[in-house]
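So the chains spell out like this:
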Amino acid sequence: MSKRYDGSSIDLEKALTRYLVERRISRRDLLERIARVGSAAALAPVIAACTSTSAPSAAATPGASAAPQATTGASATLTPTIGPVQPVPEAELFIYNWTDYLADEVIESFEAKYGTKVTQSFFSNTEEAYAKLGDDGGGYDLSFPTSVDIPSFIERGAIVKLDRSLIPNIVNLGVEWADPGYDPGNAYSIPYMWWTTGVGYDTVKIPEELTSSKALWDPRWAQHISMLDEFQEVFGLTLIQLGYSANTPLLNELDEALALLKEQKPLVRVYSTDTIATMTSGDVWIGHIWGADRFAIQETNPDVAYYIPEEGGVKGSDTVAVFSGAPHPIAAQLFVNHLLDAQNSAANTNLIYYMGPNAAAREFIDPAILEDPTINPDQKIVDALEELLNLDAALRDEYLKRWQELRA
Amino acid sequence: MLPGVGSRPRIGAAPPPQGGILARLRGTALVLPGIAWLALFFVVPLGFIFIVSLGQRDALDRVDLSQPSLDNYARAFNPVFLPTFLNSIRYAAITTILSLALGYPIAYWISRYGGSRKALLLILVMLPFWTSYLIRTYSWMIILRDNGVLNSLLQAVGLTREPLILMNTDVSVILGMTYGFLPFAILPLFVSIDRLDANLLAAGRDLYASGRAVFLHVTLPLTMPGVIAAALLTFIPAIGDFVTPDLLGGPQTTTIAKNIQELFLSGRDWPYGAALGFLLMVVTLGGTLVALRTLRREVIGS
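Chains as they are written, first to last, in the numbering used here: chain A, 1 to 408; chain B, 1 to 302.
Treat the hints loosely; a few may be bogus.
Which bits of chain B does chain A cover? Going by a derived footprint, with three or more residues having C-beta under 8 Å, they are [stated by the list, open to error]:
1. 32 to 41
2. 163 to 172
3. 211 to 224
4. 266 to 273
Hints were generated in silico from the structure; no laboratory data involved.
All C-beta atoms, glycine included, are put in the ideal place defined by N, C-alpha and C.
Only chain B is shown next, with the shape it has when bound in the complex:
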C-alpha cells in the first residue's frame, strides 16, 4: 500500500535495473497500462476542455466549433474573477500550511514512536476515507452551527453566552478543508520521515547538536522532499476544491471553482467555463512549477 511501511530502506536512489534489453522492455510493458490510463482519462478530457474552450455557444447553448478562436480567454481575464481567484489561493495556502503544521508532528510521531502499531496508526489516518466526503462535511455543519455541538459545549461550560457564528465563515471553510486534506499531507510526510536513517540523528547528537539543531539541520532538510510532496498534494486539489467552500462557506467565501461551475451550469456557456477552467489549470501548474524549482534550489541545494 505504502512504500516504506514497516521497512527502512537506506537513503539514496534504488540501483538501476540490471539486465539486457529484454528486461528493460518488460519494465516498459509494465508502465504501459498506466500511461494508457492517464492518456485516456486525463489527457483526452483535457484536450476536450481545450477544444471546447475555443468554441462559441450557439442559440441553443450548444458548443459551436465552426469558428475556433481565443475570444473566451480574453473574456476570462475579467476582473470580476480576481477576488474569487484570490479567495481560492488564500484558502489553499492556509489549508496547506495548517496541514503541514499539523501533519508533520503526527507523521513524525507515528514514524518514531508508532512501534509495532505503525500500520494501525496509518490506517487510522486513512479511516475518514471510508466515509463519503460529503457526509463528513455535513457532519461539520452539525458541529459548527449556531446550536451545534461546539456552541452547545462552549455555552454549557460557560465560555460563551451567545452562540459564536462559525458556520458559513472563513473559519468553517478552512477548518473543513484542513480536515479534508490532512491525510494527504500526513502520508507523504510519514514516508519521508520513516525513511530517514535514525543513525544520522544519533550522529548529530554525538556531535553535540541540540535536539532542535538536529531537527533543523538534519531531519527537516532530509525530509524536505516529503514536505514538498505533501504541500503539492494539499495545495493543488485545495485550489480546485469546490464542495467544501460551497457547503461550509457563506456569502464571502466564493471561490473560482464555484465561478467555473456557474458558467457551465447556470450560464450554460461551456466554452467560457472551459476557458476559465483551462486558464486556472495553467496558472496553478505554472505557479507550482516555479515554486517547486525555487524550493528545490533553496532547500535541497544541488
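The shape of chain A in the complex, shown without the other chains:
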C-alpha cells in the first residue's frame, strides 16, 4: 500500500507515531498539532493509516544475490547520469527509518543530485522494524539498525557488503569509528548517530545538583521517579551503579542488581519508554531517560536538566545498512555516501541533536550542540560509557526473567 498524504497529515502521522509509542526524538507537542489540523475526529483514519503503512510494493526477491549489481533497466535510463564513470542510480529509493531521523534537506539534495525519488516509511521501535525487515529488507532498500544487532543481520545474510567505490565519503568517519567491534572495518554497515542514556530531572522540583544515578533511589522523590520500560537499560544503569558491566554474564551480579531494583520499586511512579510524556506530565520529577528525548521534554518543561551519571552510563549507536533484497542497491549505497557527506551529516545532527561519527561534519554543526557536554561529552566520559550488547538467548532469558519478576 503506498498511499500519499497531504503535508499536514504526514506531519500528524509522524507526530502521532512519535507521541503514542516509544520514541527517541520529538520536538513539538502533539495536541498543538491536532489543534492545527482540526477536529479530533479526523485522527481515526490517520491512525489507521499510520499503523498500516507497509513496505513499498516493489517486489523484493528473497535470497537475491548479495552482490549489488547495477540494474540499468528501463527506469534507470530515464535518470540523468552524473559524470562519465558514475554507476547509474535507480529511479527510486525506499528508506525505512525512525520518525524525524533525517533532515528533509538531505533527502531533497539527494533527489536533486541523482534524480532518484526517495520514499520514507517510519517505525517507532526496533522490534517492530526488525520484524518487518525480516531476512532481506522486506522490500526496503535501506534502514537504520542498532549497531549491536548488526552481527545478527550479517549472519542471516540480511544486509549486503558495501561497495566502497560507491561510498568514497567514508573517509569522513572519525578514527574511533573506523573498526567497530560489531562490524569490523564497517564492511556491512556505516555508523550513523550515537546517543547516551542517563537521568533527567526537574530542577524546580529538585533544586540541587544531581550527579549520581543513585538519585533515582532517593526516597525524597518517592512516587515521582520513572524508569525506562526496557530491561537492558534498567539493568544496565543499575549494574554500572554497582560497579559492574552493563552486560554482565554473572548471575550473582544480576541478582544484586535485581535486589537493588526491588528496593527502588516502591518509590517508582511508572516504568515507561514514553519519557517525553512522563517527564512533562508533572508526575515525574526525576527519570531514567534517553539523552536525546530531553530536547522534546525541554520544549514543554524548560526546567528539566539531563546528566550522564558519574558512575558511568550507557551509550548506543545506530547504523545505516543496505538490505539483501534491496530493489535499488545502487541508489541505496549512493545514499549512504550522501549521508557521510560532512554537511549532510551536520544537517542531520543539527536537526535531531545526536552526535554522529562524522569527524569532518564538526565544523558545520551548531556550536551550541558541540558545547553541550551531555550531547558531545569529553572523550574521557565517552570512554567510560558502555554499549548495551545483544545478549545471547540464554543470558537474555536470565535478564528478562528477573525483569518480569521485578515487574510482577
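Based on these hints, arrange chain B on the given structure of chain A.
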C-alpha cells in the same frame, strides 16, 4: 446497525425459515463469506500461534520447528506469571462489574425514556469510538495527572491541598478500562431491555408487585441474556487489554498481556510467547464456558 432499534419484537425465537432446499441453500450461501472470513483471519492465525508455540528459538532468534515439543507450555507454567495473571483477572472482573452497574441504568433509561431520541442517544454512546482509543487514553492522563484537570479542580474548590496520586495506580487503570469498555456493555444491555415487552411489566404491577419486585422478578431475569452478553463482551477483551494498563498503569499494574508482549519483543522468544498466549486463551475460554454454563443453569433455568 443494531437489532431491535426502533422496533419492538415479541419475546421468543424467530420462526424457522420456511421453504425448501433451495431456500436453505441460499441461507447457507449467505453465511459462507462470514465463515471464510473467520477461518482466514481467526482460525488460521490461531493455528499459526499454536504451531509456533511448539517450536524452539534458534541462535538467531528465528522459530525452529524441526523438533516440535510442548516444552514451552511447561515453561509457561511459571509462578512468575501468576501475579500478573491474577492482576489481569482482577482488572477484567472489576471492569466488568462496573460496566454492568453503570451500563444497565443507562441502557434501561435509553430504552424506556429515550422516546424518539433513542437512536440519537445510542449514537452518543458510540460517539467515543469516532476517536482513536489511544487519544482517549492519553486524554485520561491529562485529566488524572498530579497537576491535571481533576487535581486542579479538587484543589480549586478546596477539597484537597496536595495533589492526589491518581495516575499510574489501580484507580487510573480501572477507570480507563471501564471507560473504554462501557459502550460494549451498554449496547447488548440496551438490545435485551428494549426487546422486553412492556406489557409484562404492567402485568407484574397489576398483580400488586412493587416496582422493585417487578424489576427483580421480571425485568432482570428476562434481560439476563443481555447481561451475560455484556459481561462477556467486556470481560474477554478486558483480560487481554494491554494498552490501558500499559499507558495508565504504574509499577504495580503489570498484566499478563504485558508479559506476553515482552516475551515476543524484548525476549525475542516467539515460541515461548506463543505458548503463554495460547495458554491464556485456553484458560480464558475454559473459564468463560464454565461460568456461562453455571449462569445459564442458575439464572435462566431450563
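Among the hints numbered above, which are violated by the structure, and what are their numbers in rising order? 1 and 3
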